[in-house]
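Put together the whole structure using the sequences plus the hints.
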Amino acid sequence: MHFVDDSEVNRVLTFPILIEAIEAAHRRPKIAVHDGYLGDGKGQQLVTRSAVDAGRFMMTKLYTSFPGNLAHGILPAVQAVCVLFDGNSGRPLAVMDASEITHWKTAADSALGAKQLARPDVETLLVVGAGEMARWLVRGHRTVRPSLRRVLIWNRTAERAEVLATQLAGDGVAAEVATDLDAATREADVITTCTRSREPLVKGANLKPGTHLDLVGGFTPETREADDEAARRARVFVDRRESAFDGVGDILQPIESGAIRERDVLGDHYDLASGKVAGRLSPDDITFFKNAGGGHLDLMTCETVFARLGKELR
105 MHFVDDSEVN RVLTFPILIE AIEAAHRRPK IAVHDGYLGD GKGQQLVTRS
155 AVDAGRFMMT KLYTSFPGNL AHGILPAVQA VCVLFDGNSG RPLAVMDASE
205 ITHWKTAADS ALGAKQLARP DVETLLVVGA GEMARWLVRG HRTVRPSLRR
255 VLIWNRTAER AEVLATQLAG DGVAAEVATD LDAATREADV ITTCTRSREP
305 LVKGANLKPG THLDLVGGFT PETREADDEA ARRARVFVDR RESAFDGVGD
355 ILQPIESGAI RERDVLGDHY DLASGKVAGR LSPDDITFFK NAGGGHLDLM
405 TCETVFARLG KELR
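Following the numbering used here, the numbering of the sequence shown begins with 105 at its first residue and continues without gaps.
The set of hints was computed from the structure by calculation and includes no laboratory data. If you're wondering where the values come from, they're calculated on a predicted model, not measured in any experiment. Treat the hints with care, as some may be off.
Here are the simulated distance ranges between beta carbons [stated by the list, open to error]:
(1) S193 <-> G414: 12 to 20 Å
(2) T118 <-> Q271: 30 to 38 Å
(3) D225 <-> R115: 43 to 51 Å
(4) R290 <-> N114: 31 to 39 Å
For glycine and all other residues, C-beta sits at the position ideal for the given N, C-alpha and C.
So, in structure tokens, the structure goes:
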């Protein structure tokens, strides 16, 4: 069994490689997943996410969530490892540092959604939230839509948005801080959000025809990043149907309010990758994609890392 650290993950992965691998994996039979949670009642958790790609690989991701770490500025809020097993013999193959695995798979998940749903001629990307995932999401979206030449950044604290804009400038990206979220929403062709907001930030009334909306941050029934009107006006898709209906506020809340019905969630990555469901039907469609994440995406990413390392790990 081998240990793969973050530097090795970053050495072998690129977004074109990972996005293609994840799309191909969604054309195969659906991966079985199971999540487990243990907490101390004070917001600190140990989470397990297990996934089985039958006859290929098995994986369990273990991570801790300690939000209080952020106040000390030493350790991240989330720390994780993935353990990869052979799907035929059960042999442990590798333990992978999952910090970068999480970044790669989250951004690639959203990028695949944009590849399937965003217009090919988009130019302006609005990033809502300037946390650690924001830069990754910009990289992923610009991989599948290189026409994105302008990036707007909105964050509750403008200082963090300024830091992100400087980082993106170093990547050769024309980025600017947006102080008015509603105005920036009206300008954007693609919007990606990654916050823990409990109140909708993106207002559907501000979405212009043809916009693609990518919602990443909300992962509980109480958190959401777009309002009911955004869901009502859009063609709604998710990354994995079961994950999205299992406690994700951006899907459950508009259903509970009656803004949309369960059947208005038209499909997921499996449906889109197989051609079972059509994505965008016209240039004026507003598309709404909920990135709910899940262990299946961690497994797909670990499989890709393992394949790229090849004989080094055998």
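Here is what the structure says about each hint:
| no. | hint | verdict |
| --- | --- | --- |
| 1 | S193 <-> G414: 12 to 20 Å | holds, 19 Å |
| 2 | T118 <-> Q271: 30 to 38 Å | violated, 19 Å |
| 3 | D225 <-> R115: 43 to 51 Å | violated, 34 Å |
| 4 | R290 <-> N114: 31 to 39 Å | holds, 36 Å |
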